[in-house]
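**Q** Sequence:
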Amino acid sequence: MRFALIIFLTLFVFSNSFSQVPGIKWQKTFGGTNYDDPSRYDSSVADHPKVFIPIKSGGYFIAGTTQSNNGDMIGNHGISDIWIARLDTARNIIWKNCYGGTSRETFGSIQQVGDDGFILIGSTYSNNGDVSGNHGQEDIWVVRLNMDGEILWQNCFGGTANDQGNYI
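FYI, in my numbering the residues of the sequence shown are 12 to 179.
Heads up, a few of these hints could be off.
[Said to hold, decoys possible] Between beta-carbon pairs, the in silico distance windows are:
1. Lys-36 - Phe-168: 38 to 44 Å
2. Asp-126 - Ala-172: 36 to 42 Å
3. Asn-166 - Ala-101: 31 to 37 Å
[What the hints assert, rightly or not] Under the rule of at most 30 Å between Cα atoms (straight-line distance), these lysine-lysine pairs were calculated in the DSS-like manner:
4. Lys-36 - Lys-67
5. Lys-67 - Lys-39
6. Lys-36 - Lys-107
7. Lys-107 - Lys-67
8. Lys-107 - Lys-39
No lab work stands behind these hints: they were computed from the structure. No residue lacks a Cβ here, since even glycine has one placed at the ideal position from N, Cα and C.
From just these sequences and the hints, can you work out the full model?
**A** Encoded structure:
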């Protein structure tokens, strides 16, 4: 019995030493020197996109909230902005934009609409820059983008208190 156990353990250790461990297929870092956040002001996580989605025509969109105005996050309008980048199939940046006003914007989610663009939802305290029509403090902000990241239309929804847009 002892001999069988030793043989079994030897074979087990030997076979596990040759088993394949999943490896990283690819990795890339995006961000600036300030706070770049995938979630709604969770300071324990920074410099990661909240969403990474494939585009039907090839490539990817990544998005999140940023307080940076350098590195990959050029063009911040104020305290924080929604940051979106389009990547090619090799994950190189095709374009990148910050969206918002001089106050605080936070990213919620993004959804591709057909083959010609995206709708994003988030929250805003601004009423200038890319944002118009804020009803009070924090409003839900819905933005329609074309595939080049240009704003086709935007709307603020909410009352005079805080309203948050999290998911489409």
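**Q** Output the numbers, in ascending order, of every earlier hint that fails for this structure.
**A** Of the numbered hints given earlier, the structure breaks none, since each of them holds.
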